[in-house]
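When you get a sec, could you build the whole thing from the sequences and use the hints?
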Amino acid sequence: MIYLAAAYGAIWLMLFIFVFSIFRRQQKIDEEIAALEDALERISPEDSA
Amino acid sequence: MKLSRRLLQMLNIAALVAMLAAVYAALVMAPDALNVDPAIRPAQRVIYFHVPSAWSSMLAFFVAFVASILYLVTKHIRWDIWARAASELGIAFTVAAIVSGSLWAKPAWNTYWTWDPRLTTYTIVLLLYIAYFMLRGAIDEPGRRARMAAVYGIFAFLSVPLTFMSIRWWNTIHPVIVDAPENAGKFGLGPNMLNAFMIVNIAFIIMFTALLANRIALGWAEERMDALKERLNF
Amino acid sequence: MRRYFQVAWAVLWKDLRIELRTKDIFTSMAVFAVLSLMIFNFAFELRIPDKTVVIPGVLWVAIIFSGVLGLGRAFISEKDRGSMAGLLLAPVDRSAIYLGKMLASLLFILVMEAFLLPLMVIFFNTNFISLPLLLVLFLGTLGFAAVGTVFSGLAVNTRTREVLLPVLLFPVMLPVLMAGIRATIGFMEGDTLVDMMKWINLLLFFDIMYLVVAYMTFDFVVEE
Chain F
59 MIYLAAAYGA IWLMLFIFVF SIFRRQQKID EEIAALEDAL ERISPEDSA
Chain Y
77 MKLSRRLLQM LNIAALVAML AAVYAALVMA PDALNVDPAI RPAQRVIYFH
127 VPSAWSSMLA FFVAFVASIL YLVTKHIRWD IWARAASELG IAFTVAAIVS
177 GSLWAKPAWN TYWTWDPRLT TYTIVLLLYI AYFMLRGAID EPGRRARMAA
227 VYGIFAFLSV PLTFMSIRWW NTIHPVIVDA PENAGKFGLG PNMLNAFMIV
277 NIAFIIMFTA LLANRIALGW AEERMDALKE RLNF
Chain G
-16 MRRYFQVAWA VLWKDLRIEL RTKDIFTSMA VFAVLSLMIF NFAFELRIPD
34 KTVVIPGVLW VAIIFSGVLG LGRAFISEKD RGSMAGLLLA PVDRSAIYLG
84 KMLASLLFIL VMEAFLLPLM VIFFNTNFIS LPLLLVLFLG TLGFAAVGTV
134 FSGLAVNTRT REVLLPVLLF PVMLPVLMAG IRATIGFMEG DTLVDMMKWI
184 NLLLFFDIMY LVVAYMTFDF VVEE
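Chains as they are written, first to last, in my numbering: chain F, 59 to 107; chain Y, 77 to 310; chain G, -16 to 207.
Source of the hints: derived by calculation from the structure; they are not laboratory data. Predicted model, so just to flag it, every value in this text is computed and none were measured. Check the hints yourself; a few may be wrong.
Chain F regions said to be covered by chain Y (calculated; three or more residues, Cβ under 8 Å) [to be verified]:
1. 62 to 72
2. 76 to 86
3. 91 to 97
To give a feel for the contact side, a few chain Y residues facing chain F, derived at Cβ under 10 Å [unchecked claim]:
4. E164
5. M283
6. R300
7. K305
Just so you know, even glycine gets a beta-carbon here, dropped at the ideal spot from N, CA and C.
Put into structure tokens, the structure is as follows:
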């Protein structure tokens, strides 16, 4: 029984880690993209309008 | 194929529902395996998640293989993103399958790990794809990185069936559920167990699609970030 | 067609002449192979009753480990001397360059094996060499050189260069290693070529498939 719980726990944990890592990376990249777009706008407001 | 945010969210919800159904099918709906020792009957239910994990990993590596070929043919960045996403997904499923298998092996074989060819070769498949990411990590220029990774992705995947073919000829103690002739079409499972097994497999396919779609979306975002950095001369 | 083989031969001959002058690759492979023999002997001697049990494993591991040293040099020396660009600028089919390079690596490893085998017979005091074994060794080495040459080209493109080569190459070579070791065990136990046919077929299949894939992908590896 304990091995069943551990095995399912392990699979779910693995999937969770994967989903979480995607989520985290996506969040970081979204922030970075926003910052970059901001910076781009400040440098050349006319061409990114 | 750039999925809209909305579609992606629907896919995510579908995957979550499917996986909850899978847990129900595996733990509640499926009957006890009467032909195994009562002490390890609960552990037998690991099969419902272990086998789909292993199959999903193979599916992921296959997607990576096809994407690698398409990249070399078209040189379109999309296929590089697909190959990278699928390989990563494959690694996650491989680890899930190895760990769950080893937790089943403890009660069934009385050890977490044995040097069985099936286990060893599957672990080497994992190392193949870790090497894939090491190769990617060691090349800075994006075009060259995509090209080299695609070539390696093709070679890596081709060795997988050969490896599995050769372990058939060594003696493996790993249960074979698909190929045994007396089990043709039944996967060595009773009818009710087979139903549960099918539900779990369908759920895994839905989840697989959702994870891959999310990872591909992330790949596009990375691409966009790099393009922006390029414009700003970062 | 003739021209194609002339190009491959030119590349092969060039590599051979460099090697004959410097003896870099052969010396390092041979010394490493002997070294690994010594280490294996030392590691196993006290624990096993029968030395023939370890011979197949020792043989193949020594070949694979020292072979990868030679393969690593296939393109790195070109890149370091700056002759890579010249080679690629030549108005010839790139796959002919691959063929030449592959044959050169194959030859170096085969020469190393010719040096290693008699030594093993002496050190293990067992004559395990037979014609079928030589056939299996050749087929295994061919697959090894076919894949290794492409991966050597991959590795020179990376920051870590030859450090990455074994990590890339060994897991892909696993079917060859398994078939080679299994067949060697079989021949040592007195099986005939016919008994071991499935392993030979596996090796043949591996060699042909990987030569074809290497042939098709090599262009992408050296493309600038």
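Cross-check of the supplied hints:
Coverage of a stretch by a chain is defined here by at least three residues with a beta carbon nearer than 8 Å to that chain's beta carbons; for the stretch 62 to 72 of chain F and chain Y the count is 7, and the condition holds. Coverage of the stretch 76 to 86 of chain F by chain Y holds. Counting CB-CB distances below 8 Å, 5 residues qualify, and the rule asks for three or more. For the stretch 91 to 97 of chain F, the stated coverage by chain Y holds: 4 residues have a C-beta nearer than 8 Å to a C-beta of that chain, and at least 3 were required. For Y/E164, the shortest C-beta to C-beta distance to chain F is roughly 8 Å, which falls under 10 Å, so the interface hint holds.
A cut of 10 Å between beta carbons decides the hint on Y/M283: the least distance to chain F is about 8 Å, and the hint holds. A distance limit of 10 Å between C-beta atoms decides the matter here; for Y/R300 the minimum to chain F is near 6 Å, and the interface restraint holds. At a threshold of 10 Å, the smallest CB-CB gap from Y/K305 to chain F is about 7 Å, leaving the interface hint in force.
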